[in-house]
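J.: Listed below, chain by chain, are the residues.
Number of protein chains: 2
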Amino acid sequence: MLDWEHIFATRSSRMKASEIRELLKLLEQPDIISFAGGIPDPALFPAQEFQAAYAEIFSSSQVNAALQYSVSEGYKPLRDWIVADVAKIGIECSADNVFITSGSQQALDYLGKLFLSPNDTALVTWPTYLGALSAFNAYEPNYDQLSLNGNRTPEGYRDTAAKAGGQVKFAYLSADFSNPTGETIGQEGREKLLALADEMDIAILEDAAYQHLRFNGQAISPILALDIARKGGIENTRTIYSGSFSKTLAPGLRVGFVIAAMPVIRKLVLMKQAADLHSSTINQIAIEHVASRGFDAQVAKIKKVYSGRRDAMLAALEKYMPKNTSWTKPEGGMFVWVTLPEGMDGAELLAKSLATERVAFVPGKAFYADGSNANSLRISFSCANDQMIDEGIKRLGRLISNSVAGDNETLPII
Amino acid sequence: MLDWEHIFATRSSRMKASEIRELLKLLEQPDIISFAGGIPDPALFPAQEFQAAYAEIFSSSQVNAALQYSVSEGYKPLRDWIVADVAKIGIECSADNVFITSGSQQALDYLGKLFLSPNDTALVTWPTYLGALSAFNAYEPNYDQLSLNGNRTPEGYRDTAAKAGGQVKFAYLSADFSNPTGETIGQEGREKLLALADEMDIAILEDAAYQHLRFNGQAISPILALDIARKGGIENTRTIYSGSFSKTLAPGLRVGFVIAAMPVIRKLVLMKQAADLHSSTINQIAIEHVASRGFDAQVAKIKKVYSGRRDAMLAALEKYMPKNTSWTKPEGGMFVWVTLPEGMDGAELLAKSLATERVAFVPGKAFYADGSNANSLRISFSCANDQMIDEGIKRLGRLISNSVAGDNETLPII
Chain A
8 MLDWEHIFAT RSSRMKASEI RELLKLLEQP DIISFAGGIP DPALFPAQEF
58 QAAYAEIFSS SQVNAALQYS VSEGYKPLRD WIVADVAKIG IECSADNVFI
108 TSGSQQALDY LGKLFLSPND TALVTWPTYL GALSAFNAYE PNYDQLSLNG
158 NRTPEGYRDT AAKAGGQVKF AYLSADFSNP TGETIGQEGR EKLLALADEM
208 DIAILEDAAY QHLRFNGQAI SPILALDIAR KGGIENTRTI YSGSFSKTLA
258 PGLRVGFVIA AMPVIRKLVL MKQAADLHSS TINQIAIEHV ASRGFDAQVA
308 KIKKVYSGRR DAMLAALEKY MPKNTSWTKP EGGMFVWVTL PEGMDGAELL
358 AKSLATERVA FVPGKAFYAD GSNANSLRIS FSCANDQMID EGIKRLGRLI
408 SNSVAGDNET LPII
Chain B
8 MLDWEHIFAT RSSRMKASEI RELLKLLEQP DIISFAGGIP DPALFPAQEF
58 QAAYAEIFSS SQVNAALQYS VSEGYKPLRD WIVADVAKIG IECSADNVFI
108 TSGSQQALDY LGKLFLSPND TALVTWPTYL GALSAFNAYE PNYDQLSLNG
158 NRTPEGYRDT AAKAGGQVKF AYLSADFSNP TGETIGQEGR EKLLALADEM
208 DIAILEDAAY QHLRFNGQAI SPILALDIAR KGGIENTRTI YSGSFSKTLA
258 PGLRVGFVIA AMPVIRKLVL MKQAADLHSS TINQIAIEHV ASRGFDAQVA
308 KIKKVYSGRR DAMLAALEKY MPKNTSWTKP EGGMFVWVTL PEGMDGAELL
358 AKSLATERVA FVPGKAFYAD GSNANSLRIS FSCANDQMID EGIKRLGRLI
408 SNSVAGDNET LPII
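So the sequences go chain by chain: A and B.
The letter at position 241 of the first sequence is residue 248 when you use my numbering, and the numbering goes up by one with no holes.
The letter at position 360 of the second sequence is residue 367 when you use my numbering, and the numbering goes up by one with no holes.
Hints are supplied without guarantee of correctness; some may be wrong.
With a straight-line cut-off of 20 Å between C-alpha atoms, the simulated EDC-like cross-links for lysine to aspartate or glutamate are [what the hints assert, rightly or not]:
| id | chain 1 | residue 1 | chain 2 | residue 2 |
| --- | --- | --- | --- | --- |
| 1 | A | K23 | B | E80 |
| 2 | A | K23 | B | D103 |
| 3 | B | K199 | B | E147 |
| 4 | B | K23 | A | D10 |
| 5 | A | K238 | B | D10 |
| 6 | B | K326 | B | D377 |
| 7 | B | K23 | A | E355 |
| 8 | B | K238 | A | E355 |
| 9 | A | K310 | A | D92 |
| 10 | B | K311 | B | D352 |
| 11 | B | K330 | B | D397 |
| 12 | A | K308 | A | E364 |
Which bits of chain A does chain B cover? Going by a derived footprint, with three or more residues having C-beta under 8 Å, they are [what the hints assert, rightly or not]:
| id | region |
| --- | --- |
| 13 | 37-51 |
| 14 | 257-264 |
| 15 | 273-285 |
Derived from the structure by calculation, the hints contain no laboratory data.
All C-beta atoms in this analysis are idealised placements derived from N, C-alpha and C, irrespective of residue type, glycine included.
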C-alpha cells in the first residue's frame, strides 16, 4: 500500500474522525436511549407535502428543468421565498443577497474557504458547534475564544492572532438556541459583538440553523437585522447569516442558504460554481413548493412537539440530577447543556453509561476548540419521547451520582 | 460598503467568473445556435423512470430515511450498484472503495483539497477541463503540462515544481472523450502515465465523466483498471477514478462518485462530513432505483442520439470548414475541438460570431492553464439537432473563411 501521507496536503492532517460521527453509529443499537444526535424527529417530516411536491414537478412542464443543471446562485423562486420570510425578522434584502447551499454545513465550509488563510484566527464561542470547527479546520486556522463579557479587547485579539501568524477574520456564533448549549445571546450581547466587529473590521458569521425553533420568550432580532438597522442597508453590513431547512422541513434534501452583502455572495457563487456547480435543482424546487404552501404550519407543528420534549427534559433533570450539576434552560432548539461536578469527565461518563446504563449523549469536550471543559455534556431532546426522557435522565442521574460517590473503576472506552 | 478584499483569504483572488458560465447565459437567447454548453439534452432524461422512483420512495417505508440525514460515504445500495457496474470494465473493488459526491465536480474540488497545498503542482493536459482548473485554483497550485510523448522527464517535472515552491502531487486527465477535445488516450499512453506516476510517486486523477458514452471503436481499460492489474489489487493503486450520473441519467440530482484505495476514501469521507455532511439522501436513492432498473438501456438510448449528432457535426465540419482548419474525430462524448488558422483568436471569433452569425461555442484559450493556444475552440454536439448543426457550422465556416481573408475590424467583446 502507498504512503499517501506525504502526497496529501498539509490540511489533511486536521481531518480526523469526530466524536459526533462515531456516536451517530450508536443510534442504530435499539436498546440505547440516545440523547446524542442533534437530528430532527423523522416522524415530524412533512412527507405528504414532499410527496405532492415531487409528483407535481414530474407532472408539470418544469420536469426537464428540474433534472437539468441550474445556476450556482440557486433557484430564484426559493430565494424570493427566503427574502419574504426573513423580512419578517427585520432582514431587508433582495434575492441577489441570497445564495442557496447544500445545507448550512456547506455554508460553514464555504465561509471558512472564503475568509481563512492558514494561521488566520477565527473567534468562536467556548463551546461552539463541532461541525463549524470541522469545516474551518480544512483551512488551517487558529481559534481564539469569543467573549462578549468585556474581558477581551480588540488589541488582545489582534496580538494573539498576530503571534499565531495571521489576522482575525471573523467571529462565528449561533445566536439562538445554539448547538451545543441551547442558549441564546441577548440583544445587548449582539450589539456588543457588532461594535467589536466594527472596531476590529472583521466579519460576523451568524449561524441561524435553529432560529425558527423558539418555544417561548421574546424573539430577539438576528445580528444581521441589527447590523442592517445600524448601517442603513444590507450592502453596508459585515454580518453573514446562514440558515437551513434541515431542522424545519427535512435535512435529506440538503438545502440551506446564506444571506449577505453582494460582494460576499458574488464570491460564494464563484466558489460554488467551481466546487459543485449548484445544489440539487429538483430538491430546491421541492423545498420551495413545500415552504411556500405551509412553512409556518409545519414550524408550529414541530415547535409544539419539541417544546413538550424540552419541558419533559427540564423536568427530568430537576427530578434526577444530583445537586452538584447544573444545566441550561433553553427557550428553543434541540439541546440542553449539562455541567458536571468539577473533575468529572464527560467522555469517561459516556463510556460507563454505554456499558451499564445504555444512555448516549455527547461529551462536552468535543465542542471546545482547545479541548477544555471535560466536565460537561450535550443532551438532545429532539428525538426522544417523554417516557424515554424520564427513563434516560433517571439512569444518567444515577450514574453521575454514583460517579460522584467515588466510583473510579476504569472501564474501556467503547 | 466594506472593503472585503483584505478580509478574504488569499485563495479568493483566484476565484473569478469563468467564460463557460458567462456563455451559459447565452443559451437562453432563442435565436442563438449554441454549441457552447457541454450539457446533456434534457429531452433524453429518463423522466418517467425518475417519476416512478420518487413516487416509490414516498409510498414505501423508506420515506423517513430518504428525508433524513445519512452517512457521508453515500447510500450503500448505490455504492453496491457502482461496484457491479465498474467490474464490467475491469475495476475490481468493494463498496468501501466507493464514495458518493454531489456530482463529479465535487470530486475535483475534494481531490484538490486533499492533495494541494499552496504552490504545489498539478500536472494537467494542455488543454484540460476548465472546471478542473476552477476547482483546483481554490487551493492555489501551479500547473505544469502533462505530456505523454516523452519530451518531459520526472526530473524536469520535479525541478519545475520545486522552483514554484512545492511538489508535484498528481496528474489530472480525462482519458475517454475528454472535455474539451473529445479525444481518447490509448492504452499505451495510459501505461506510460502509470509508469510516470509510479516513478514520481504521485496520484493520478482519472476523470471518467464521459466514459459510458463510447459510440464506436474499441473500449480501452480505465487507467484505474490497468493500475489494479499491475498492482494486484485496488489497495495498492495510485489512481483515483471519478464518475458521474450527470451525462447518463440527469445532472439536476447532483450525484457522482469516486473510486480509490481506502486511505483516500477515508480522507474524502472525513472531508465531506466537515464540508456538507452528505449528498442528498433522497436523490441517491432515486438514482439507485433508476440505475438498477435500466441503466444500460438508457445509455444505449442516449448513445444512439449523440452518436448521430457527432456524425452530423463531423459531416458539417467536412462540408463547411475552410482548408486551414482541423478538428478532432471523437469516438464518443459530447465535444469536437477545432484548431483555427495560426494567429486567429477564438475569443475574437466568438465576439464576431455572436454579433453577426449568432453561433455560440467556447474559445479554446479557456481550457489552457497558461491561457495559450488562442487559435482553437470547443464545439458541443449534445444539444443540437442535425439541422441546427448543419446551419450553425455553415455559418461558422463562413465566418472563419471571411476572417482568414483578412477581416481585421475590431468588434467589441460581448
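J.: With reference to the structure, classify each hint as holding or not holding.
T.: Here is how each hint holds up against the structure:
1. This hinted pair checks out: K23 (chain A) and E80 (chain B) have alpha carbons roughly 15 Å apart, not beyond 20 Å.
2. A threshold of 20 Å between alpha carbons decides the hint, and for K23 (chain A) with D103 (chain B) the separation of about 18 Å falls inside it, so the pair holds.
3. Using a Cα cut-off of 20 Å, the hinted pair K199 (chain B) and E147 (chain B) is violated, with the two alpha carbons roughly 28 Å apart.
4. A threshold of 20 Å between alpha carbons decides the hint, and for K23 (chain B) with D10 (chain A) the separation of about 35 Å lies outside it, so the pair is violated.
5. At roughly 15 Å between alpha-carbon atoms, K238 (chain A) and D10 (chain B) fall within 20 Å of each other, so this suggested pair holds.
6. With a C-alpha separation of about 33 Å, the suggested pairing of K326 (chain B) with D377 (chain B) is violated against the 20 Å cut-off.
7. The suggested pairing of K23 (chain B) with E355 (chain A) is violated, with an alpha-carbon distance near 49 Å, which exceeds 20 Å.
8. Our distance criterion of 20 Å between C-alpha atoms is broken by K238 (chain B) and E355 (chain A), whose separation comes to about 44 Å.
9. With a CA separation close to 17 Å, the supplied pair K310 (chain A) and D92 (chain A) stays within the 20 Å bound.
10. At roughly 34 Å between alpha-carbon atoms, K311 (chain B) and D352 (chain B) are farther apart than 20 Å, so this suggested pair is violated.
11. At most 20 Å may separate the alpha-carbon atoms for a hinted pair to count; K330 (chain B) and D397 (chain B) meet this at roughly 18 Å.
12. With a C-alpha separation of about 32 Å, the suggested pair K308 (chain A) and E364 (chain A) falls outside the 20 Å cut-off, and the hint is violated.
13. Check result for the region 37-51 of chain A against chain B: holds, 4 residues qualifying (beta carbon to beta carbon below 8 Å, three or more required).
14. Look at the region 257-264 of chain A against chain B: 5 of its residues bring a Cβ nearer than 8 Å to a Cβ of that chain, three or more, so the hint holds.
15. Coverage of a stretch by a chain is defined here by at least three residues with a beta carbon nearer than 8 Å to that chain's beta carbons; for the region 273-285 of chain A and chain B the count is 9, and the condition holds.
Hint check: violations occur at hints 3, 4, 6, 7, 8, 10, 12; the rest are consistent with the structure.
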